[in-house]
Amino acid sequence: MEEYAIELNNVWYSPDGNHYTLKNIDLKVRRGACLALIGPSGSGKTTLLKIITRLIKPSNGFVIVRGSNGWLEKHRVGYIPQQLGLVRSLTALENVLIGAHSRIGYIGTLFSVFPKKEMKLALEYLDMAGISHKAERKVYTLSGGERQRVAIARALMQDPEIILADEFVSNLDIVTAREIMDMMKRVKGTDMSLIITTHDINLARYYSETTVIIKDGIKIAEISSNVLDHNKVKEVFA
Amino acid sequence: MNYYKGNLLSTAIFSGIVLYLAHSVGFFDINKLASGSKNLIIFSADLFPPDFSVTETLFYSTLETIQMALLGTIIGFVLALPLGLMGARNISGGIISAVTRFFLAAIRTIPALLWAIIFVVAFGLGPLPGTLGLAIYSIGYMSKLYYEAFEAVDREVIEAVRATGISRLKEIRFVILPESMNHILSQLFFMFEYNVRSSAILGFVGAGGIGFYMISYIQLFQYQKLTTAILLTLAVVLIIDFVGSRIRDRYLAQPS
Chain A
23 MEEYAIELNN VWYSPDGNHY TLKNIDLKVR RGACLALIGP SGSGKTTLLK IITRLIKPSN
83 GFVIVRGSNG WLEKHRVGYI PQQLGLVRSL TALENVLIGA HSRIGYIGTL FSVFPKKEMK
143 LALEYLDMAG ISHKAERKVY TLSGGERQRV AIARALMQDP EIILADEFVS NLDIVTAREI
203 MDMMKRVKGT DMSLIITTHD INLARYYSET TVIIKDGIKI AEISSNVLDH NKVKEVFA
Chain B
79 MNYYKGNLLS TAIFSGIVLY LAHSVGFFDI NKLASGSKNL IIFSADLFPP DFSVTETLFY
139 STLETIQMAL LGTIIGFVLA LPLGLMGARN ISGGIISAVT RFFLAAIRTI PALLWAIIFV
199 VAFGLGPLPG TLGLAIYSIG YMSKLYYEAF EAVDREVIEA VRATGISRLK EIRFVILPES
259 MNHILSQLFF MFEYNVRSSA ILGFVGAGGI GFYMISYIQL FQYQKLTTAI LLTLAVVLII
319 DFVGSRIRDR YLAQPS
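So the protein sequences, as listed, match chains A and B. So for the first sequence, my numbering puts the first residue at 23; every next one is plus one. So for the second sequence, my numbering puts the first residue at 79; every next one is plus one.
Rather than coming from a laboratory, the hints here were simulated on the basis of the structure. As the structure is a computational prediction, the values presented were derived from the model and not from experiment. Treat each hint with caution, since some may be false.
Partial selection, computed: residues in chain B whose CB lies under 10 Å from chain A [what the hints assert, rightly or not]:
(1) Asp232
(2) Glu234
(3) Glu237
(4) Thr242
(5) Val253
Only pairs whose alpha carbons sit at most 30 Å apart, straight line, appear in this in silico DSS-like list of lysine-lysine [claimed, not checked]:
(6) Lys160/A with Lys222/B
(7) Lys248/B with Lys72/A
(8) Lys248/B with Lys142/A
(9) Lys96/A with Lys237/A
Glycine residues also receive a C-beta, built at the ideal position from the N, C-alpha and C atoms.
Here chain B stands alone, though its shape is the one from the complex (with noise of 0.2 Å):
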């Protein structure tokens, strides 16, 4: 078989598995699009306009989701950077590793909002459950993040650094930071914006936030009130992104 009709082949039975799957869950159901369309449209136009005279209820409430998304990122960041270091083959390597990678690997398999519940039940309603679940979560996320980032630092200044005789501790410090610090604050700011984001679905169970008003309007209908609590989420998270990707800007390496 030539290049071409393997290629072709390959094709064609990637695209078989797609439209099967398309096809088992729905998306050829006409009648069920249809109607599903119409509902989308008669929601779409509740939403509008917004019910602006929420803005300050609101306000309050988004600074908490800041105040937990904040606060549960700052804890995930600290506590994943040793946990990414730890889980590097090139820094700690070996049975270490492995032990990390599979304790990340456990956490990582309970969403969030699973970890918020486990929480509420724990402490109670508030924000407290809210935060530890983000930070739980945030820790699983970035430390896999972070030890991929710590492996793909070059090995060829891994080793003109070694060769000097520094100390592992020193060679972290000096050389395994600086050259991913890209990577870092990068994934610290899409940890802090998604956590932003999470923290909105956390008060649908109770874990305090903007997220309680939401499922609140959700449950009496009052979609142009939910619509002024989207438009404040989405204004947060372009705020996170603009100031993240100027710090990045400003104080970061350029690629060469």
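This is chain A alone, in the form it adopts within the complex (with noise of 0.2 Å):
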């Protein structure tokens, strides 16, 4: 088995075919681990996760994503936007169940009509991020904390090997981003990979092994994360 599950090599993005917003990136990621990604506002952190789901192709260079089993089938990346991406009329349950959709071919589902194995997958999960009890809810009432356990359950759902995590806890207090983050090592366990990026040195000093960090779209170090502080960031980037 390969020891990466994601490599990027020589990445370069440009939106216009001008102007790119990523420049030469190189990167490994070992199965299991947990990468952060940080970087200011508009550095790139956010094109580079949405290449390695492929929602965009780079402009130059190749992206790898492996799976357990060779090439990691897209549907097998798990990914939590910023905003985290969930349909808010729908409830906590349908939204988790649409990280089921790519893996089941059955036409009842079109029509909400899930096997009952996967409702019970899909009521494990939430149960797991800690918000069974309001699966019949509608997104909408939800509070920020309770929509991220919502968009872990999700990305659960599509049994992912891989996770990329979109600055997702950046808009909760401390305390609940812990917990988010907390849960989020517990259910990654030791085979899933997961990317983070954050504006919080703390966080990717305390959940993740190494830390890129990204400025005007160029990598410009990686480092381990246990020596990351805001000295050696502040260093990094004069």
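Since each chain comes alone in its own frame, lean on the hints to assemble the complex.
See the structure below:
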């Protein structure tokens, strides 16, 4: 089995063919590892995640996303965007079940009729995320922290080998953010790889093994997260 | 030129244009306005009190108007949904949305009244041409509102769901439609209300409903009976508005 779940080699991205928002990015993420991407707003962190999810294609370079059995299917990369991307008018359970759609070809799912084992699984993930008691509540009635939990459960429903979380706890108070990150670490286990983008150096230090710093679309440093502190970041940015 | 001077200049130009337009249609013709106002007062006095002796007759023709409006709206809605999806650039994109938009713009160019006249010529007098006219107009109008609503769905939600590998059909079913449902239902009720009012006018050209009586009362100077017809139409519009807002409040998502 290959050691790396994600490999990016000489990746460039330009939305318009002229101005590059990512320049010559090389990145490797070990299977089961947690990597933090930090950098100022507009530095290209979200674009990088979207390239890994295959929502957008790089202008140059190549991306390899490996599963335990070779090339990883698109639907097994869980993506949690900054605003979570939940469908507000659906219930928490319905949102989690969206994560199962690509695995199930059954026509009944179009009418929200799911096999029993999928319903059970969705409820289990909601339970794991600590939000099963609000499974039937519409998402717009949930608090920010509760929505975070639903988004995680939806990602887990994809049976992912990789989860990409884009500043998904940045709008929460520090206690709730820690709770969510602890839960994330717990459900990640040892086989799942995780990339988080954050502005919070403490989150990067406590929850990731490696931190990559990006500025203006350029990777300017890759350091061990346990030596990460404000001085180090200042030093790198200088 | 500083910001305030620029603002003042643009306000002056805009005011000048509005005054010119008002002048050219006769808003400053005092004699005309005075005689018109006098006629309006006389006409308004003739409208009251309403003559309720025609209520039963008008009730049945109101039902026919509602029937035309309801059927026209439903046919329009059923066809407007797929056409709206085809017209939305974030769903269909490219040539499909461009062709659909052109087709819908062509439909909207012809008002409902003209559609009704075309269908009266084709199918003869009665509620059928009226219903068809309303349906066609509703398609053009609702499809436009729908593709605009579909395009307004949060891009991040669509991307997050696309990242799960979901099919395009399921994306429409579980993201586009639920996220736009507030707009879809609002426009549906608005269109129904609009069609009730429109179908009254369609009666003027022989397309059935309460409009037939309205034009007859006008031609026979029976304005008090006309008032009863207007009151009945108003009651229907108010009921639709009330029911529509209750349904929206009961079932739909609140903004967060």
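*Any hints from earlier that this structure breaks? Give me their numbers in increasing order, please.*
No numbers; nothing is violated.
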